[in-house]
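*Asks:* Please model the entire structure based on the sequences and the hints provided.
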Amino acid sequence: DAGITQSPRHKVTETGTPVTLRCHQTENHRYMYWYRQDPGHGLRLIHYSYGVKDTDKGEVSDGYSVSRSKTEDFLLTLESATSSQTSVYFCAISARDWDEQYFGPGTRLTVT
Amino acid sequence: GESVGLHLPTLSVQEGDNSIINCAYSNSASDYFIWYKQESGKGPQFIIDIRSNMDKRQGQRVTVLLNKTVKHLSLQIAATQPGDSAVYFCAENFSGTYKYIFGTGTRLKVLA
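In order, the protein sequences belong to chains A and B. This note's numbering applies: residue 1 is where the first sequence begins, and numbers increase by one. This note's numbering applies: residue 1 is where the second sequence begins, and numbers increase by one.
Among these hints, one or two may not hold up.
The list that follows gives simulated cross-link-like pairs (lysine-lysine, DSSO-like), each with its CA atoms no further than 30 Å apart [unchecked claim]:
1) B:99 to A:70
2) B:109 to A:57
3) B:42 to A:70
4) A:57 to A:11
5) A:57 to B:42
6) B:99 to A:53
7) B:99 to A:11
8) B:99 to B:71
Simulated from the structure, these hints should not be mistaken for laboratory data. All values derive from a computational prediction rather than experimental measurement.
*Replies:* So this is what it looks like as structure tokens:
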């Protein structure tokens, strides 16, 4: 998976609790992305980062926040998890913003 | 495995035959395209890409064809093997932007 790890790989949490997912890369790529993948939908972008402390919203950013304090780490936080956020979350990296993206192994999040 | 493709179109091919997977993209201004392979429980894996100044690009056992006139992309896999069984989806991008549009995918089943 191109030097990308995600943690945790699986998580079950209750509605209303905060959740943080971590993406770690060893490729020193500038761009990092968080996607969610749901049945019947293609991957949808939640947030992305174009450098340390530089982030921007994607198409489904409501209810999510991100932080990037180091090149190698990109955190996704669900401030107050809802059942609609049950999904598989993928982190991706790329060297340039219109270049091939490499994906991590994913985190399956279930909100009960 | 991940249940991200419950009702995906399925292509079944005999081992050793060639496979052709199609994708209709949405934006006539898109100029960069990627094919991904996703096995159950794993993240998407980059297969091959093509830019809009090309009509065809070949990799190892794979060929991507781009028809900009009808906004169509295809992935050809030669001598399909059991290990090729997976979900395949395309992604499109307009250069200079971070936004990729991902298709929902096609499930390829290789019959022994």
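*Asks:* If a hint holds in the structure, say so; if it does not, say that too.
*Replies:* Quick rundown of the hints versus the structure:
no., hint, in the structure
1, B:99 to A:70, "holds, 23 Å"
2, B:109 to A:57, "violated, 36 Å"
3, B:42 to A:70, "holds, 26 Å"
4, A:57 to A:11, "holds, 24 Å"
5, A:57 to B:42, "holds, 25 Å"
6, B:99 to A:53, "holds, 19 Å"
7, B:99 to A:11, "holds, 28 Å"
8, B:99 to B:71, "holds, 18 Å"
The structure fails hint 2 only (numbered hints given earlier).
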